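Asks: Sequence:
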Amino acid sequence: MVVTRAPTVAELLAERGIALHPGDRVSPAPEEPLSDGQVVHVFREKTVYVRFGEDGEPAVFRTTAERVGEALAGWGIALGEGDRVDPAPDVRLVDGETLTLVLHAQGYRLERRAIPPATEKVEDPSLLKGTTKVVREGREGEEVLFYRVVYENGAPKEQVLVDRRVEREALSTVVHVGTKEPPKPVPLSTAAPVRAPEEGDGLVSVGGKTYAVQKVLRGVTLVAYTAGPESTGKNPGDPGYGRTALGYPAQEGRTIAVDPSVIPLRSWVYIEGYGLYRAEDVGGGIRGNVIDVYFADLASALRFGRKTGVTVYVLGPDVR
523 MVVTRAPTVA
533 ELLAERGIAL
543 HPGDRVSPAP
553 EEPLSDGQVV
563 HVFREKTVYV
573 RFGEDGEPAV
583 FRTTAERVGE
593 ALAGWGIALG
603 EGDRVDPAPD
613 VRLVDGETLT
623 LVLHAQGYRL
633 ERRAIPPATE
643 KVEDPSLLKG
653 TTKVVREGRE
663 GEEVLFYRVV
673 YENGAPKEQV
683 LVDRRVEREA
693 LSTVVHVGTK
703 EPPKPVPLST
713 AAPVRAPEEG
723 DGLVSVGGKT
733 YAVQKVLRGV
743 TLVAYTAGPE
753 STGKNPGDPG
763 YGRTALGYPA
773 QEGRTIAVDP
783 SVIPLRSWVY
793 IEGYGLYRAE
803 DVGGGIRGNV
813 IDVYFADLAS
823 ALRFGRKTGV
833 TVYVLGPDVR
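Heads up: the sequence shown begins at 523 in the working numbering, then just goes up one per residue.
Don't read these hints as lab results, they were simulated from the structure. It should be emphasised that the depicted structure is a prediction, and the values quoted were computed from it without experimental measurement. Treat the hints with care, since some could be wrong.
If you anchor each label on the Cβ, the simulated ranges turn out as follows [as the list claims (entries may be wrong)]:
id, residue 1, residue 2, range
1, Lys-643, Asp-760, 16 to 26 Å
2, Tyr-673, Ala-595, 35 to 45 Å
3, Glu-689, Arg-547, 51 to 61 Å
4, Glu-554, Val-682, 47 to 57 Å
5, Gly-618, Gly-575, 15 to 25 Å
Backbone N, C-alpha and C define an ideal beta-carbon position, used for all residues, glycine too.
All chains should be built: construct the whole structure from the sequences, respecting the hints.
Replies: Below, the structure written as structure tokens:
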């Protein structure tokens, strides 16, 4: 209790040597007159550091409030449901205190997402086995997703999917898969070499059968090849491995690769000294009077190697 004759709060403070600094607050106000038994409060300004979130950078706030909750109200910060402050709102503030605030808000987010087209496979007996054909290209669909988002101090903290709508259905890709068995080759006898036909007779006999000759090629080069990477660049399991340009399985003792401008594909030929073969394949390096002879394994192909100066009789697609 203080006894004074000062007429106003300001004069009382001056009389008692109590200086007010910028930011301090006194109640009643300094200009208010004093009355008997009156209580005068002096509130000193405090510096408080406020962090928004556990990892937030501290921001400097100033207040004359006595407790945490009063300071927040003075700064215009209202705690809502789920919000929290540390220390608690009823804790008394001290100068230099650090407050940690976690403020929550809720909003909604819309996301558009593409729906990839499915692939629909249909068996097609008109296509050879191992082949496919796309008969309808697919088209992406589109869906819209709605999320409820919880924000913590302005940053998204979690989201929950609340609705999903398909705005455009995806159109599937339709692929036909071949089921047709390739024609089975009919093996022909590869008899021992016979004499070349006389000029003008137009016939050649092999294994007791006589065939009409459409064309005679002289000075032909024979080169061995296989289905492997050393000849075709393909490995087992690769598309087209072991199959000819006509779609047949390559067969040793039957299949040859030719230049179609010299020997038409599907033509049977008699290779003097080696027997009957069929033109079923082509190759990028085959030009003119060069024939690649198929072998099932690399060792056999290496043993055969390369032969030159060979005579070949082109018999055509039909033999008799």
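Asks: Evaluate each hint against the coordinates.
Replies: Cross-check of the supplied hints:
1. Lys-643 to Asp-760: 16 to 26 Å: holds (21 Å)
2. Tyr-673 to Ala-595: 35 to 45 Å: About 22 Å separates the Cβ atoms of Tyr-673 and Ala-595, which means 35 to 45 Å is violated.
3. Glu-689 to Arg-547: 51 to 61 Å: Holds, at about 60 Å.
4. Glu-554 to Val-682: 47 to 57 Å: Hint holds: Cβ distance 56 Å, inside 47 to 57 Å.
5. Gly-618 to Gly-575: 15 to 25 Å: holds (20 Å)
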